[in-house]
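*Asks:* Now for the letters of each chain:
Protein chains: 2
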Amino acid sequence: MEQNVFYETYGFLEDDLDQLLEEKKYQELRGKINTLNEADIADYMQRLPDEQMLLVFRMLHKDLAADAFACLPVEEQQVLIDDFTDVELGDVLEDLHVDDVVDMLEELPAGVVRRVLKNTRPEQRSLINQFLQYPENSAGSIMTPETLAVNRTMTVDDSFNYIRANGEDCEMFYVLYVIDEVRHLEGVVTVKDLLMHPYEALIGDIMETKVVKCTTTDDQEDVAELLNRYDFLSLPVVDHENRLVGMVTVDDAVDVMTEETTEDIEKMAAIIPTEHSYFRTSIWDTWKSRTPWLLFLMISATFTSIIINTYESALAAWVALTGFIPMLMDTSGNAGSQSTVTVIRALSLGDIQFSQIFKVIWKEMRVAFACGLTLAVVNFFKIYLVDGMLFHNPQITFQIDLVVCVTLFFTVLFAQFVGCILPMLADRIHLDPAVMASPLITTIVDASSLLIYFQVASRLLGL
Amino acid sequence: MEQNVFYETYGFLEDDLDQLLEEKKYQELRGKINTLNEADIADYMQRLPDEQMLLVFRMLHKDLAADAFACLPVEEQQVLIDDFTDVELGDVLEDLHVDDVVDMLEELPAGVVRRVLKNTRPEQRSLINQFLQYPENSAGSIMTPETLAVNRTMTVDDSFNYIRANGEDCEMFYVLYVIDEVRHLEGVVTVKDLLMHPYEALIGDIMETKVVKCTTTDDQEDVAELLNRYDFLSLPVVDHENRLVGMVTVDDAVDVMTEETTEDIEKMAAIIPTEHSYFRTSIWDTWKSRTPWLLFLMISATFTSIIINTYESALAAWVALTGFIPMLMDTSGNAGSQSTVTVIRALSLGDIQFSQIFKVIWKEMRVAFACGLTLAVVNFFKIYLVDGMLFHNPQITFQIDLVVCVTLFFTVLFAQFVGCILPMLADRIHLDPAVMASPLITTIVDASSLLIYFQVASRLLGL
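Residue numbers (the working numbering), protein chains in the order written: chain A, 1 to 463; chain B, 1 to 463.
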């Protein structure tokens with residue numbers, strides 16, 4: 001963020017806080033820090049050394065402490081937990097939402113997990129254990145179990161009373177789910193609906209019965225798209241018997257979208273996605289996320305070596321051909337990436353589907369034709385003028401120029417063809433299209449550009 | 001979406017609708033279609049030929065018609081507008097939110113824009129004209145002017161009455177902004193706050209006065225991040241005199257994030273971002289978005305040709321060296337992309353800042369050392385075993401093998417170094433780091449790998 005709006009709002013306080021901390025004016029610091037938003041407090045705490053972080057944390061009011069704790073990365077959470085007494089730990093856990101505890105437990109070392117579980121109330125512990133069993137990246141793993149649920153025989157007035165009594169700590173206050181006596185989901189009613197109807201109206205009469213919902217095992221990405229599609233504030237999660245077990249809120253969906261996008265971008269750059277943010281990923285984990293694809297692509301490049309070695313004598317006869325190999329490989333690689341990345345993104349946004357593959361190919365081929373032609377023509381004159389007229393390179397003949405440009409045209413055509421079909425085929429066979437992105441396409445396109453190059457050269461130069 | 005939750009919910013209806021339409025059972029179709037969500041209706045309409053789309057649209061109830069209209073892409077909106085009578089057009093416009101009208105007008109041809117403006121009420125028209133003047137991608141351009149605003153002397157009960165009277169068509173029903181008599185923003189109060197306080201409580205006593213807000217000219221991306229950071233449902237937009245002019249809701253923020261991510265991904269693949277979805281972008285526009293970077297990168301590759309031509313005699317003496325050029329270029333290009341893309345994403349998520357550049361370099365260098373060493377060692381044995389033992393290629397001597405692997409090590413180191421600093425420098429000078437991604441890095445890294453290669457070869461082979 002270049003022009004950070006957040007800093008305009010709260011940022012100026014940071015230096016104040018630092019100064020108070022340094023001058024040990026703890027009373028004043030306590031006053032200031034407790035007026036901040038939990039996200040800002042967590043931000044501030046993260047930048048402090050462990051000891052000061054603990055000090056600041058202990059200044060927070062009980063409710064705010066739990067909220068700020070939930071906003072911290074798991075590494076800082078562990079520092080705090082390690083220093084907590086069992087009573088302190090119990091207090092914080094008491095006020096955390098179950099989904100936040102679960103998120104944390106999934107990343108903490110086993111020893112700490114045991115200590116955390118020991119200090120939760122039995123009911124909370126059994127909920128947590130249930131959550132820990134949902135598959136990774138499922139709706140169940142991101143949902144919150146704390147929903148507001150009413151039944152159809154209640155009135156609007158009853159519902160308001162219920163909300164006043166139970167809503168304080170609920171993540172989404174404005175959506176109530178209607179369930180029967182065995183928690184089957186029957187409908188949904190919003191606070192807006194309640195406000196727009198008289199106090200004596202029955203929930204059963206005003207609820208929406210066509211509920212868009214998901215099940216615990218649905219993929220989190222699908223759930224996020226669903227929330228986004230309908231602009232809902234929350235989506236109910238049911239088990240396989242249609243019993244309400246929780247809900248996913250819009251802010252969870254936003255986090256999922258950000259996480260999935262990062263994964264896609266990493267995959268497109270031949271990186272195996274990692275869980276943590278930049279500095280939190282260790283050197284070793286970063287190495288593990290980068291090396292496998294580099295090794296695979298390096299070894300795949302053996303094909304290009306074999307091709308070049310095969311045409312060694314041709315290259316020896318027409319030395320000028322070698323100089324254009326990098327340009328041809330780069331340009332076709334870039335052209336291929338463009339179409340792959342476009343198709344991958346369109347697939348992930350739902351703009352195109354596998355059934356439209358021929359429509360996609362038809363479009364890509366026309367674009368590739370236009371791009372290839374432009375590049376070939378520009379390059380023809382560039383070689384003629386720069387290499388021929390400017391550098392007076394005697395080896396760059398009209399024929400060589402022609403070979404390079406004809407090759408350029410066909411490689412761009414081929415690269416954008418491969419670039420558009422590979423991600424679609426990957427999608428079809430349930431592979432993530434993102435792994436088909438630039439690096440893999442480049443490797444495939446490299447080998448094929450060389451083959452095209454030597455084929456064209458053989459024809460035109462009579463090798 | 002592979003396992004589409006949406007289809008589980010409504011998808012089965014689609015075939016029904018098609019059948020009813022085909023059998024001209026319009027009465028029944030009207031009944032069914034009017035029970036659907038506007039997003040689903042828009043989805044269904046888009047797949048129909050123009051004439052049937054118009055037919056279906058005219059079956060919709062007035063309110064639902066406007067909502068579904070707002071969900072349609074601008075091309076379909078234009079088809080409908082072209083067929084509307086002025087009365088029909090006025091009716092639809094009447095029910096649209098101003099921000100939706102503005103979004104549409106920004107993309108319609110001038111003739112249609114005139115007709116639309118002619119058919120809006122004078123007050124709406126003046127609002128629209130004001131909106132059209134906000135800079136593109138600013139908070140002003142995405143906000144909705146319809147907010148619920150109360151003042152500090154009102155009671156909770158007054159506020160509920162105000163909401164009941166004015167909230168029906170408001171995009172965000174649950175957040176009320178508190179303003180003084182000249183619309184200066186003084187505070188914010190949520191429906192939750194209202195419900196949690198007695199009816200006679202004064203807004204001035206229960207409102208939150210530290211309001212996180214943005215101004216009309218703030219960048220939409222910053223606004224989206226702010227909403228996401230604090231998990232707010234909406235953010236007030238004020239003018240430069242702190243007067244409330246509108247709000248941005250969480251669903252707008254999600255759309256902004258998706259749009260900005262697509263732009264980032266496109267830039268990383270050397271594509272100039274386009275406005276429309278895949279099939280809605282014409283061949284000509286796609287060509288315009290792809291060719292400039294391809295041309296630029298193609299011409300930049302001239303440097304690699306010059307380098308190769310300079311070392312022509314060395315290549316002629318040690319022909320085996322040529323075969324490894326593509327592998328070296330690809331591998332260092334991939335290594336560079338990995339670190340660039342990682343840094344770009346970390347910058348855009350706010351995980352790293354320019355001030356941390358040395359910390360980033362230190363991390364990247366250690367990772368690069370590990371990656372480079374792994375690749376070099378693996379490649380050394382691969383060449384020794386495959387090219388030496390398997391293919392008995394007499395030109396691949398121990399010395400050549402050593403040259404290639406030493407080069408590989410240094411190019412990976414160099415590529416990840418350049419890959420991490422370029423986006424950070426770009427960010428520093430207020431360029432979008434994304435344009436520094438793979439294709440540009442590849443071009444820079446290609447030339448430098450060749451230089452390193454020939455330097456290493458000169459030393460070790462004594463060229």
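No lab work stands behind these hints: they were computed from the structure.
Because the structure is a prediction, the values reported are computed rather than measured.
From the three backbone atoms N, C-alpha and C, an ideal C-beta is built for every residue, glycine too.
Treat the hints with caution; some may be incorrect.
Said to hold, decoys possible - In silico DSS-like links for lysine-lysine, alpha-carbon gap of 30 Å or less:
(1) A/K192 with B/K25
(2) A/K62 with B/K62
(3) A/K288 with B/K118
(4) A/K62 with B/K210
(5) A/K288 with B/K359
(6) A/K210 with B/K382
(7) A/K267 with A/K192
(8) A/K210 with B/K25
(9) A/K210 with B/K210
(10) B/K32 with A/K210
(11) B/K382 with A/K32
(12) B/K24 with A/K25
(13) B/K210 with A/K267
(14) B/K359 with A/K192
(15) B/K359 with A/K267
(16) A/K359 with B/K382
(17) B/K267 with A/K210
(18) B/K25 with A/K288
What the hints assert, rightly or not - Derived DEER-like restraints, expressed as beta-carbon distance ranges:
(19) A/A110 with B/F296: 37 to 45 Å
(20) A/I429 with B/H184: 34 to 42 Å
(21) B/E51 with A/Q356: 41 to 49 Å
(22) B/D158 with A/Q356: 36 to 44 Å
(23) B/Y26 with A/Y162: 37 to 45 Å
(24) B/I429 with A/N242: 50 to 58 Å
(25) A/D86 with B/H430: 30 to 38 Å
(26) A/Q356 with B/A317: 33 to 41 Å
(27) B/F381 with A/M389: 44 to 52 Å
(28) A/Y162 with B/F354: 48 to 56 Å
(29) B/E200 with A/D86: 38 to 46 Å
(30) A/Q46 with B/H184: 33 to 41 Å
(31) B/H430 with A/W284: 30 to 38 Å
(32) A/H184 with B/E22: 54 to 62 Å
*Asks:* Mind listing which of the numbered hints don't hold for this structure, in increasing order?
*Replies:* 1, 2, 3, 6, 7, 9, 11, 12, 13, 14, 16, 17, 18, 19, 20, 21, 22, 25, 26, 32
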